[in-house]
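S.K.: Listed below are the residues making up each chain.
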Amino acid sequence: MALALGVRFPARALLRPWSLLRDTTLGRSEPAADGGRGGGDGARLFGSQRVLVEPDAASGVAVMKFRNPPVNSLSLELLTELVISLDKLENDKTFRGVILTSDCPRVFSAGLDLTEMCGRNPAHYAEYWKAVQELWLRTYLSSLVLVAAINGACPAGGCIIALACDCRVLADNPKYHIGLNETLLGITAPFWFKDAYVNTIGHRASEQALQLGYLFPPSEALQVGLVDQVVPEDQVLSTALSEMARWLAVPDHARQLTKNMMRKATADRLLRQRDADIQNFVSFICRDSIQKSLQVYLEKLRQRKG
Amino acid sequence: MALALGVRFPARALLRPWSLLRDTTLGRSEPAADGGRGGGDGARLFGSQRVLVEPDAASGVAVMKFRNPPVNSLSLELLTELVISLDKLENDKTFRGVILTSDCPRVFSAGLDLTEMCGRNPAHYAEYWKAVQELWLRTYLSSLVLVAAINGACPAGGCIIALACDCRVLADNPKYHIGLNETLLGITAPFWFKDAYVNTIGHRASEQALQLGYLFPPSEALQVGLVDQVVPEDQVLSTALSEMARWLAVPDHARQLTKNMMRKATADRLLRQRDADIQNFVSFICRDSIQKSLQVYLEKLRQRKG
Amino acid sequence: MALALGVRFPARALLRPWSLLRDTTLGRSEPAADGGRGGGDGARLFGSQRVLVEPDAASGVAVMKFRNPPVNSLSLELLTELVISLDKLENDKTFRGVILTSDCPRVFSAGLDLTEMCGRNPAHYAEYWKAVQELWLRTYLSSLVLVAAINGACPAGGCIIALACDCRVLADNPKYHIGLNETLLGITAPFWFKDAYVNTIGHRASEQALQLGYLFPPSEALQVGLVDQVVPEDQVLSTALSEMARWLAVPDHARQLTKNMMRKATADRLLRQRDADIQNFVSFICRDSIQKSLQVYLEKLRQRKG
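Chains as they are written, first to last, in the working numbering: chain V, 1 to 306; chain F, 1001 to 1306; chain L, 2001 to 2306.
To be clear, the hints were calculated from the coordinates, so they are not data collected in a lab. Take these hints with a grain of salt, some might be off.
[What the hints assert, rightly or not] Taking lysine-lysine pairs in the BS3-like style, the calculated list, with each CA pair at most 25 Å apart, reads:
(1) F/K1093 / V/K292
(2) L/K2130 / L/K2264
(3) F/K1292 / L/K2130
A quick note: this is a predicted structure, and the numbers were derived from the prediction, not measured.
Using the sequences and the hints given, assemble the complete structure.
M.R.: If you want it as structure tokens, here you go:
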């Protein structure tokens, strides 16, 4: 949905994502910008080029910020770096929860990167879709508590990241819509986007919103249960931290088993047909009609920016 | 639930429904009565004896009116003619959406025709039930956008037609109740009525309403999500047309694939056991106790009318 | 969750529960304490040591009161006696409905009896868990109308009994919380508790409440659909009776078939893996870490009481 062009990784690297960021990972040592959370001991920045991680060892919570300007489109790099950053935190016993938020103004994430889906070859589409699946599976089943601090617009793939979290806090800005609007681009959400939607807002609301490609303004998102809280924009992070505290009050083991019980069947549906889902995506996106409409859409975006 | 007696078609004709209406189809040429929608070019009436179709080629929308007085009971003829009319519109590229409404005052449809279920032979019951299934499958999976303009009472089978639509607009009249009230007649809704209910209002509300045979007044129907809008009676059709415009703003192909993704599993459940469902219905309805209670009920209705 | 210590029955007796209460069943003849319901003809008390049954033959409704002070913890005896009392009413054609309520002040039921789950041997844990399953299966699929008159706190196992009913009326007392709070004790609700929760309040609310071990105060319980009515404490029983009247207005046979249609799939999930579920429970509860945390918790409770 955005124009995040850039270097691509070879397909096989995705299977060994830990090998990818050897050079791009920035080991920073500055204190976190967010002095409000106390700075001090645990507060140091790390992460990668497109994912900024602000860990707070004292609380066991890290804030993970998407930084893929201008609109955090989910390029292959961003997807890969998100998975790596999440892996890192999951393997570090210090951390029990992660807040996902955006470092770009006014956009949480604009969703899938259309430039990854247009004018490439089938192998690239397959690689890209596998990375989309991977991010979803990792976040949806994460053993960590994930809270989405949604500080900007949150359509399509952005919404899927939010849906994978345990809890969603949305800034009360009428421009910050959230939802799965794929149909309006002439494409369809895959079945597992649908499953995540149904699990969150129910069958009927999903049926209607998915077909209409509806983007919910904050008040409606709250009402339909797509987000758990809507708060003034400057309170999104603090509210997300309060929510996090509620989730961290629960013993990890019992919470993780319960999370798995609630989500495993849905994740398994994708795991059972992961390759078929990739093939579906590739053959769909390779259609002339789809490529043409994506090109037209991208051209419009380029002109708007130019 | 009503007394719509009439000629019956042979069972095999149902398998080739296009052969049925050769003589009864009225090719009318009067302009549509609904001058508000502009009349003009595309506005001509067609349809059959019991289904009045007002097509508007310009908008790609047809209004389909049930006309089986006094209460649009779903006789075998009406079911058959509805399927044929829908088929006709689906096969005509001019049309993208259909509004389903009633031509009879105060009743959308009173539901299944009890005279089809009482005092006949098993073969007739089987034929009738197959026609009920067929209408549901065709409407539930229709590639067209279907909007129900519910301008009257909408119990049982009437509610099932409404549930098969993509969107439901109900007139705000306290007498226009909607719901699946089968249990109050001592019969049970089949599993696929239940599935459609659960998909629309959720498991708990369905469990309660189905067991109680509850008919929702408009405000409660809106609250539980059984209908999408409740509007003054004289705005039902115009609101349905506005809703239709929202659905037609979405590219057909993406919308149809999404609709199918949402509904296929539910329809497949019936398709997989369609014959068994017919046998269940026939053996249930053939029971002496059921036949007796239907006769008593019909007799009451006849006396009330007489 | 409570300290209801007492004599235990041998494991094999659970398989023939009718043999258990030969000596403990009290055949009482006093009129029901609840004079408001008229006393008179049908009103005599029967039941067992821990289950008080007040039958009203005229209305076909019995009130079943849990009497396992101080907090109606679901000891093996209470579970067994509940199943027996329910059996008795189901096999007596006089009765069509049962109201479940508490005879202990301020607590509907505190849930599973932790003393049954701590410091015993695996055979005992297996026996206990089978009894928990049995009560749930019997209540969830009961052919009778079951209405929960929740006149006190209703956590964990107490909530499961309420969820198995057809309808739930909760006293409007801010201390009477209801929900599945297992995670807060470091244990997890089994999948069929989860299924019952999802069927009642939906997937998302269950996901959140189950992980957080959230106990809903009355107003929130009503809003999320966990209970059907919240009324002043002194109107709980009368409201439950009014609700019962609505359910009894429906022909039994049609209602029972419909109830079965709504609930059979969920019950079958447990029935298919009942033994595995017992084994899961036993191996989980036998873990050193779980036994230790239960001991700590029980010790705290004992000190609080001492």
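S.K.: A separate judgement is required for each hint: does it hold in the structure or not?
M.R.: Here is what the structure says about each hint:
no.: 1; hint: F/K1093 / V/K292; verdict: holds (23 Å)
no.: 2; hint: L/K2130 / L/K2264; verdict: holds (19 Å)
no.: 3; hint: F/K1292 / L/K2130; verdict: violated (44 Å)
Checked against the numbered hints given earlier, this structure breaks only hint 3.
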